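Student: Line by line, the protein sequences give chains A and B. Letter 43 of the first sequence, counting from 1, is numbered 37 in my numbering, and no numbers are missing. Letter 149 of the second sequence, counting from 1, is numbered 143 in my numbering, and no numbers are missing.
The hints are simulated quantities; they were obtained by calculation from the structure and are not laboratory data. Just to be clear, a hint being listed does not mean it is correct.
Identical chains share a label here; the pair holds if one copy fits it or two copies do between them.
To be verified - Mimicking SDA-like on lysine to any residue, the simulated pairs with C-alpha atoms at most 25 angstroms apart in a straight line are:
#: 1; residue 1: K18; residue 2: F362
#: 2; residue 1: K425; residue 2: P72
#: 3; residue 1: K425; residue 2: S279
#: 4; residue 1: K35; residue 2: R216
#: 5; residue 1: K425; residue 2: L438
#: 6; residue 1: K35; residue 2: E111
#: 7; residue 1: K457; residue 2: G89
Please read these numbers as outputs of a predicted model, since none were measured by experiment.
2 protein chains.
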Amino acid sequence: MAQKDLKRFFAPRSVAVIGASANKGRPGRVVIENMRANGYKGDIHPVNPRGGKLLGLRVFKTIKDLPSGIDLAIVILPAQATPQAVRDCAARNIGSIVLVAGGFAEVDHAGEDLQQELAQASRETGVRVLGPNTAGHISTPADFTSSFFPLGEIPRGGISYVAQTGNFTGAMMKHIMSAENYGVARCIGLGNTVDIDETDVFEFLATDRHTKAIFFYLESLRRPREFIEIAKQVTPKKPVIVLKGGATADGAKAALSHTASMGSDDRILDGALRQAGVVRIDEFSHLFLAAKAVAPMPVPAGNRVGFVSPSGAFIVHISDLCRQRFNLSFPDLMPRTMDRLREISPPFIRLSNPVDIFPSATVHGMEFAYREAMEAVLTDPNVDAVVSIMILTRELGMPSLDFIPELAKKHPKKPIYISFSGDHACNEEAKAFLEPRGVPTFPLIEDAFKALDILAQARKSLKK
Amino acid sequence: MAQKDLKRFFAPRSVAVIGASANKGRPGRVVIENMRANGYKGDIHPVNPRGGKLLGLRVFKTIKDLPSGIDLAIVILPAQATPQAVRDCAARNIGSIVLVAGGFAEVDHAGEDLQQELAQASRETGVRVLGPNTAGHISTPADFTSSFFPLGEIPRGGISYVAQTGNFTGAMMKHIMSAENYGVARCIGLGNTVDIDETDVFEFLATDRHTKAIFFYLESLRRPREFIEIAKQVTPKKPVIVLKGGATADGAKAALSHTASMGSDDRILDGALRQAGVVRIDEFSHLFLAAKAVAPMPVPAGNRVGFVSPSGAFIVHISDLCRQRFNLSFPDLMPRTMDRLREISPPFIRLSNPVDIFPSATVHGMEFAYREAMEAVLTDPNVDAVVSIMILTRELGMPSLDFIPELAKKHPKKPIYISFSGDHACNEEAKAFLEPRGVPTFPLIEDAFKALDILAQARKSLKK
């Protein structure tokens, strides 16, 4: 039986890059540049038949020449060469391998045979293999990545991703890094799962203190029973959020040619996942949406939202969505909250939750109105989370937003999400100010509630 | 009976601004600045008891002093003063009024009484009133707006909006102008609909040659029967897309305090709207999403999509969504299309629609692979529309995107939508290049398909 512990994948003390390359932009060079950019402190041993030096490192001509004590090899060789590379690594006592190459079962019958051979090499040698057909993995607590996609320094944080698509630690990670302001702990592009599968990684992340929430993109479950068992243990401790591709006949057909996954019976799986406290999402973008919400903020203690809105139309629309699609409610506020809201509003304004802040903002200015209303609602014991939509435009004057991170600090158990209407450039400016200060923002008003709905679901199985 | 024709609203030859103000940022000044910024060529007559000059214009002290021949008055006075203003305008033979003030039935019982009084003044005098409680309206074919929100020059285009929220021609229009690249024809914030309602405006837009597609945000239908009758006539000619707020009990309650709307029975209405060929959407953001899709592109001739994807995971996920939520299909491609795709792909690649472009892009470069695949799929008679997702990053090199507007020109009957993975800044750059050249882009991969699904629904009732 292969060794269970994935510690060497996520915290290798030294690595070999087999198929290292001197050419700019080639995977065998980029992978080393990525490690350097992330401050990896272990030894890096490039392997290439030409030998010589690469980025200041001695290049070994063969795997056999490598020094001993290497924890992990990243193999960037054509598909045909990979089974032998696994055996060569085993001979040098390298117990963990990331296999980048595509061209296996996802391509044709010859590839299927090759994948069988690879699986056999892994099984016989006991070497743990990630891939093939993956852009690699990321482990920021170890300053490490095996990704060959030009990423540079990867922001650190509590989100871990496990994706049954090689691409995830490539272009999709680049998307997160460039469009969002949250950081990641461990990210794994599983690829064709010839050995290491989603359940292995789940087991590791279950007790990983660097991982605050776990997100999966899966096309199949190799070991559904074990996965569900781990889920039952994890979901009381941290949110587990799953997008399962191949849920329909068409999706399943596409999954077959993508990662050669045979879809499990989706309906049975769905029930089991829900029972185990896993939150199932249905849009790829929500892998980022819910992550940006949970990364800097607490999980809400329940589904009762205080909503501060500048527009009656938004209140009407979001009320509809909360009724139709989300399991979120707008609770009645305590008398003292209502008193405070009345104090900051012009007379004769009908007040309730959601709070129409427009009259107060017109009279007292945006900063005062939002600060006081949000403070009142955050203090209310009936409220678990606060969403505010702000209208920002240059012409009306940008308010100081300092009060929002201050409110977040003062109310550390209640998430605050901000959304916008108005001038795009001002919204981008507010995002750039608020998100590094721990307050997530959502360009579309619905998105703040979609994220909250996902996390309120995760809450249900969390203990304490 | 009040006059039916809204022509004076949408193409006034001269206007009065009653409650004009010299103070910067005040609605009574901004409204004039907005008209100027949009090149309004008619006469503007400010009214303010102080008289004097304002922005180079002679200020009249009272409505009575105004010259004759004024088509439209924009009344920016406190609620209490508005019924008299309507009567004063009638006396000066001004037949159309935009009423900006809030403080009517949406506020309290006194406001309800005032609104009754206003309705009576409109009825008795035959003066047509838009509002109250609205930021005004926009009519770019007449270089005109009555909005008091600082908008500047409003981009021209074929999209018309009718919204039962005053805000729409304010902050929400600012959002469209700053975040998107499409233009508008007529936009109306209905407000409390004391007189002019959604059906009046619908009737005008039905035969308006500047309006290519009509979008509604409604909280109630004052005259559902008439609205449905007009819809039956319009939907064979142009897409009519409706977001109906207050669809649920909670939403309806919120609508009551927003625009004092009594919700109609939503289920009955829903069936009637569908039968009349109206497409009903369920997210506020989709008012912008579908507009940006239809503004520069033809409505697809059907629901058969050619999908060019750089990731198997996207194919799996979108296949699921098309099965579960959208009425879109991925048709089999013609043999000659398949031949062409095979020619541009490495050997042994499984090809079908959706097209996994990654292997071809790896071998031939992004520009060649996308251009040839999109050309082949656009030429295929089985395909009604093409969606391409591109991975753009600085490190991999930005491809030239000139070929995309060229393909759009060559295939004028098939919409092309572009979405992205990868580097946010590159995607923004591509958006800034493509959208002014008539190709809409969608930052989230699901959104291109959401938009297409809405327009494929609209297609069903379109003639020819």
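Student: With identical chains treated as interchangeable, where does the CA-CA distance between K425 and P72 reach 25 angstroms or less: within a copy, between copies, both, or neither?
Tutor: neither (43 angstroms within a copy, 36 angstroms between copies)
Student: Checking K425 and S279: alpha-carbon separation at most 25 angstroms within a copy, between copies, both or neither?
Tutor: both (18 angstroms within a copy, 19 angstroms between copies)
Student: When no copy is named, should K18 and F362 be tagged within, between, both, or neither for a Cα gap of at most 25 angstroms?
Tutor: between (54 angstroms within a copy, 22 angstroms between copies)
Student: Since the copies are identical, ignore which copy is meant and state whether K457 and G89 lie within 25 angstroms (CA to CA) inside a copy, between copies, both or neither.
Tutor: neither (37 angstroms within a copy, 66 angstroms between copies)
Student: How do K35 and E111 come out at 25 angstroms by Cα distance, when the copy is not named: within, between, both, or neither?
Tutor: neither (34 angstroms within a copy, 78 angstroms between copies)
Student: My question is about K425 and L438: at a cut-off of 25 angstroms on alpha-carbon distance, are they close within one copy, between copies, both, or neither?
Tutor: Cα proximity of K425 and L438: in one copy and across copies (12 angstroms, 18 angstroms).
Student: Under a CA distance limit of 25 angstroms, which applies to K35 and R216: within one copy, between copies, both, or neither?
Tutor: neither (34 angstroms within a copy, 70 angstroms between copies)
Of the numbered hints given earlier, the model fails hints 2, 4, 6 and 7; all others are met.
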